[in-house]
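**Q** Need the complex rebuilt from these two chains, each delivered in its own frame; the hints are there to steer you.
Chains A and B are the protein sequences, given in the same order. The numbering used here runs 175 ahead of the 1-based position in the first sequence. The numbering used here runs 5 ahead of the 1-based position in the second sequence.
A portion of the hints provided could be inaccurate.
[Said to hold, decoys possible] Part of the chain B face toward chain A, derived, beta carbon under 7 Å: (1) Gly56; (2) Gly68; (3) Tyr69; (4) Phe95; (5) Phe108; (6) Gly109; (7) Ser110; (8) Gly111; (9) Val116; (10) Val117.
[What the hints assert, rightly or not] Below 30 Å or equal to it, Euclidean Cα-Cα: the simulated DSBU-like pairs (lysine-lysine) are: (11) Lys242/A / Lys16/B; (12) Lys62/B / Lys16/B; (13) Lys177/A / Lys217/A; (14) Lys245/A / Lys231/A; (15) Lys177/A / Lys231/A; (16) Lys242/A / Lys177/A; (17) Lys62/B / Lys217/A; (18) Lys16/B / Lys58/B; (19) Lys75/B / Lys62/B; (20) Lys242/A / Lys231/A; (21) Lys75/B / Lys217/A; (22) Lys177/A / Lys75/B; (23) Lys245/A / Lys16/B; (24) Lys58/B / Lys217/A; (25) Lys245/A / Lys58/B.
[Stated by the list, open to error] Derived CB-CB ranges, DEER-like: (26) Gly234/A / Tyr55/B: 46 to 52 Å; (27) Tyr226/A / Val117/B: 20 to 26 Å; (28) Asp233/A / Thr87/B: 41 to 47 Å; (29) Leu80/B / Lys217/A: 20 to 26 Å; (30) Asp61/B / Ala192/A: 40 to 46 Å.
Honestly, the hints are just simulated from the structure, not real lab data. From the three backbone atoms N, C-alpha and C, an ideal C-beta is built for every residue, glycine too.
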Amino acid sequence: QKEVEQDPGPLSVPEGAIVSLNCTYSNSAFQYFMWYRQYSRKGPELLMYTYSSGNKEDGRFTAQVDKSSKYISLFIRDSQPSDSATYLCAMSGQGAQKLVFGQGTRLTINP
Amino acid sequence: DAGITQSPRHKVTETGTPVTLRCHQTENHRYMYWYRQDPGHGLRLIHYSYGVKDTDKGEVSDGYSVSRSKTEDFLLTLESATSSQTSVYFCAISESEFSGYTFGSGTRLTVV
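Okay, chain B solo, but in the shape it has when bound (with noise of 0.2 Å):
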């Protein structure tokens, strides 16, 4: 996808360990999201950022992290994975609040 890279692209993990993914952009938008998609659920969000530093828990942000320390950069951290957080994750971003989400390809997580 355009300007929008996940790593990594595919990950398994044991429970109880943390694990970090990236999203990284190069169209120097200001927002920048975490959604996880599950079968039934569809996509939630899970924490989103208007801003370097600035950051905001979303619907399903329990047992996660972020931090943005540089614009291009939004990390998420699952402190000690469980198998509930079995998921695909998608990174979006957006120029504005009233525009449309380009997402990334997405990071297909399993925890064992």
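Here chain A stands alone, though its shape is the one from the complex (with noise of 0.2 Å):
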């Protein structure tokens, strides 16, 4: 079993909608928790960070971690085309000096 659980999709919706991006873990350890966005053939990018549990916004964008069920969210809201891109969670636990990464979830939002 991975340490971090993440549905590839692909996931296409409408542009304007929410969109919902999930991962789970399995190490209790976990207290660092990332969002990143890679676009084709391109690196990923930092998009959200978040520490321990409890939600983050920024912009269009909310974080959410739920450690109790070790569970992770990213929401988008008014999702635009540009947002098309591959989304991977990613966390580490105190001290940890490398990130477990999910296997990333291809998102296509839809003129």
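**A** If you want it as structure tokens, here you go:
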């Protein structure tokens, strides 16, 4: 079983929809949670960073962490075609020097 | 990508040949990482460095070695390339162990 599970999709939604992306994990030591966005043939770029549990909002993006359920989510409001990309969750534990990544979910926003 | 460059961007090599990929940063970050990205597997850590001459293995280190003689450069070497090492290789840097990573643009390696 992988430490981090993420549905690879693909996920296709109409423009303006609310998108929900999710990851589950098994390692209870994880405390740092991130979401990366990766456009085709590009490197991943950091989108959201959350420490421990709770919510974080940045513009149209909201990251949620539920440590009791070992479940994290990324919500995208008012989705745009430019949001079409692969979204990867990543997480690490206290003192860890390396992230563990999910497989990535490929998202397409249709105009 | 600002502050981090990978070379070459593309490479085709023959089975059994040695290959070295280079990652160069101008951010003076302490931590550097090499990942490979494959369909169905996502990003997997090969090796990482936490300082000059300080390196450690990641999840998929077999067949790979690394060196870091200067803060700004982190080299990944495939001693004898195999077809299973055909992949996209990403270098990443981070300021601290708790920071997010900044990734390079990747090197697409094909072993024939």
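**Q** Honestly, which of those hints from before does the structure not fit?
**A** 1, 2, 3, 9, 10, 11, 22, 23, 25, 26, 27
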